[in-house]
Amino acid sequence: MADISIKGLKKTYPGSTELATNNVSLDVAEGEFMVLLGPSGCGKTTLLRMVAGLDFPDEGSISIGGRDVTYLPPQDRNLSMVFQSYAVFPHRKVRTNIGFGLVMKKVPRDELEKKVAWAADLLQLTPYLDRYPAQLSGGQRQRVAVARAIVMDADVLLMDEPLSNLDALLRLDFRAELKKIVQQLGSTTLYVTHDQVEAMSLSDRVAVMKKGQIAQLGHPITVYEEPADRFVGGFIGSPPMNFLEGRVTQQGALEVAGQSTEAPEFLARSAARSGGLPVMVGIRAENIYLEDRGTPGTLDATVEVVEPLGHATLLTMDLGGQTIKVQVASTVRVSSGEKVGLRFDQAAIRFFDTETQLGLTA
Amino acid sequence: MLLIAPSIVFMTLLFGWPMVSGILQAFGGPEGLTTANFTRMAQDPYFWSSVGNTLLLIVVMIPIQFVLALAMALLIRAKPRGSSVYFYIWAIPLAVSDLAAGLVWLTVFTDRGYLNSVLASVGLEPVSWLAYDNYASMFMAVLIAEVWRATSLVFVIVVAGLQSIPKDYEEAAGVFGAGFWDRLWHVTLPLLRPSLQTALILRTILAFQTFAVALALTGQNFPLVVGETYRWYTGLQDANVASALALVVMAVSMVTAVGYLKLLKDQSEAPR
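Taken in sequence, the protein lines are chains A and B.
Heads up: the first sequence is residues 1 to 362, going by my numbering.
Heads up: the second sequence is residues 1 to 272, going by my numbering.
Just to be clear, a hint being listed does not mean it is correct.
[To be verified] Under the rule of at most 27 Å between Cα atoms (straight-line distance), these lysine-lysine pairs were calculated in the BS3-like manner:
#1 A:Lys93 to A:Lys106
#2 A:Lys10 to B:Lys167
#3 B:Lys265 to B:Lys167
#4 A:Lys105 to B:Lys167
#5 B:Lys167 to A:Lys93
#6 A:Lys211 to B:Lys167
[Stated by the list, open to error] Here are the simulated distance ranges between beta carbons:
#7 B:Gly179 to A:Pro308: 54 to 62 Å
#8 A:Phe56 to B:Val85: 21 to 29 Å
#9 A:Ala117 to B:Arg193: 27 to 35 Å
#10 A:Glu304 to B:Leu3: 43 to 51 Å
#11 B:Lys79 to A:Trp118: 38 to 46 Å
#12 A:Ala117 to B:Lys79: 38 to 46 Å
#13 B:Arg193 to A:Ser164: 52 to 60 Å
Everything labelled a hint here was simulated from the structure, so no lab data went into it.
This structure is a prediction, so every number in the text was calculated from the model and none was measured.
Glycine included, each C-beta is placed from N, C-alpha and C at the ideal position.
Please take these sequences and the hints and turn them into a complete structure.
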């Protein structure tokens, strides 16, 4: 086990002028589960491949356990990896697939067998040890890929969207299992995904990436509740955070959709100084409450679409010309066209600069 | 039945009928069916030396060609600058007829050829490379010419095979600690097996039929089995013995092909 220290990584793929990673720095502590999250093309896989040694950066450095590995080939880095395509060798039986890395490390035979048996047991592969990958289901092949990675006792465990090829139900099952296994191993893990639910549920810390840079790095709940910018708020959460155009007046009132409520202290102060401040108001769907039209402290809105989800009901509403998503308990009965009042949970409201899109805090 | 009728007619006319008549000819004689043609074939002084030469050529040439083709294909895949140009250059011999290739190499190895000119210019004695009494150099000349001419077939098949292997497998092998040779031995070659099998069968069958290069370079001095077929048919005007020889070549080719298929059977494709 070891920590990973990434400093100022820059990488441009041949034939492209855009930076795949633009000056990325990231420290992963020993034993930490770090998730790289972002939309496709954000550079998260490139970053992982550079840590693996499958690609080399143009600038910057990577060290694992204090050892500079920036330009070492993958076989000299002492890591293991789960590939998105699994990359389980089709010509080898499950047993020799799992043992591949140990054979390469020239581990003695009895120790190798013991470890393969242990991993097979952990991942419920024992009945399939003498089968070829072509004789396994997708989920089983995925388990082989994970088993092959965990027998290695490597410094670092890398995973590149390991669950993305599984069907939804299997993914849910295996996610919890994976978390359990990694916790048991306690290995330093770098995990790439575009699925924000995976990122939230698995990680100790999550690095949200956008256009080759880390937009926000932090504890998953922090990232969820206090997105550093509009992109993060819009990317994490389902439905994504609502963004409403608003304005803090010189008098300290927050105006949204032609209606006004009270603005927080720090914004009121800077608005008083600058004579009014345009802001982007961010609020998550579950932090908005439905009230009767006209209740003091609420904003007038009209229900447009009602989507029952089972565990909750998702409402799409019109708030003075802006669209807003509201999540209410499934017991709430509303119908489209209904005129209601919306109360925002004041503690959950986030403000963003209209130009830089960055979060505004006190 | 109606739908496959055209192909049955075609197969019968162009494949079945010539083969049957060839077999009949091989066993044919003035008094009905006989094995006399095979006896005459085997008693001919050139026959066993031609068999020996053919086998020796195959045993030495095929490993050389496969190592070369694989090395070339791996070099191409590493995508050095201008790799696509190399691909076409290395594939050129595919388009050269074997007789032409033999004649080209004749200009190199003949007594007053390029090789001897080079030797003379650096002050060395010229050598009669293709002389009857210089078996080793004669064999080497045929070998070099055949390697030059026919490696590109293996090369093209191997390149196609390599392209069909996802990069992930080698990357995974690298991550799990395999260096270049381990990756080649444990991952690339096994995954390349179907292509290697195809190339091996094709190349071996074609090697049994090596003929024009040896004829151009050595005339009758380095007899090969198919060369003997040609000699019996045109020189000795005996179509029956020529057919017998052709039949032997076909039988050996078929046995080899089946042998390769059995030997290189892919276990992982076993029924579930």
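Given the range 38 to 46 Å, decide if the beta-carbon distance of Ala117 (chain A) to Lys79 (chain B) lies inside it. holds, 41 Å
For the hint 27 to 35 Å, verify it against the beta carbon of Ala117 (chain A) and that of Arg193 (chain B). The hint (27 to 35 Å, Cβ to Cβ) holds, given that Ala117 (chain A) and Arg193 (chain B) are roughly 29 Å apart.
Look at the Cβ atoms of Lys79 (chain B) and Trp118 (chain A) and judge whether their distance stays inside 38 to 46 Å. For Trp118 (chain A) against Lys79 (chain B), whose Cβ atoms are near 40 Å apart, the range 38 to 46 Å holds.
Run the distance test for Lys105 (chain A) versus Lys167 (chain B): straight-line Cα separation, threshold 27 Å. At roughly 22 Å apart (the allowed maximum being 27 Å), Lys167 (chain B) and Lys105 (chain A) satisfy the hint.
Just to be careful, I want the Cα atoms of Lys211 (chain A) and Lys167 (chain B) compared with a cutoff of 27 Å; is the pair within it? holds, 25 Å
Taking 43 to 51 Å as the hint, is the beta-carbon distance of Glu304 (chain A) and Leu3 (chain B) inside that range? violated, 59 Å
Given the hinted pair Lys93 (chain A) and Lys106 (chain A), is their Cα-Cα distance within 27 Å? holds, 19 Å
Is the hinted range of 21 to 29 Å satisfied by the C-beta distance from Phe56 (chain A) to Val85 (chain B)? holds, 26 Å
Evaluate the given range 52 to 60 Å for the C-beta pair formed by Arg193 (chain B) and Ser164 (chain A). violated, 30 Å
Can you confirm whether the C-alpha distance between Lys167 (chain B) and Lys93 (chain A) stays at or below 27 Å? holds, 20 Å
CB-CB spacing for Pro308 (chain A) and Gly179 (chain B) relative to the 54 to 62 Å hint: The hinted range 54 to 62 Å holds for Gly179 (chain B) and Pro308 (chain A), with Cβ atoms some 58 Å apart.
Hey, Lys10 (chain A) versus Lys167 (chain B), does the alpha-carbon distance stay inside 27 Å? holds, 23 Å
When held up to the earlier numbered hints, the structure conflicts with 10, 13 and fits the remainder.
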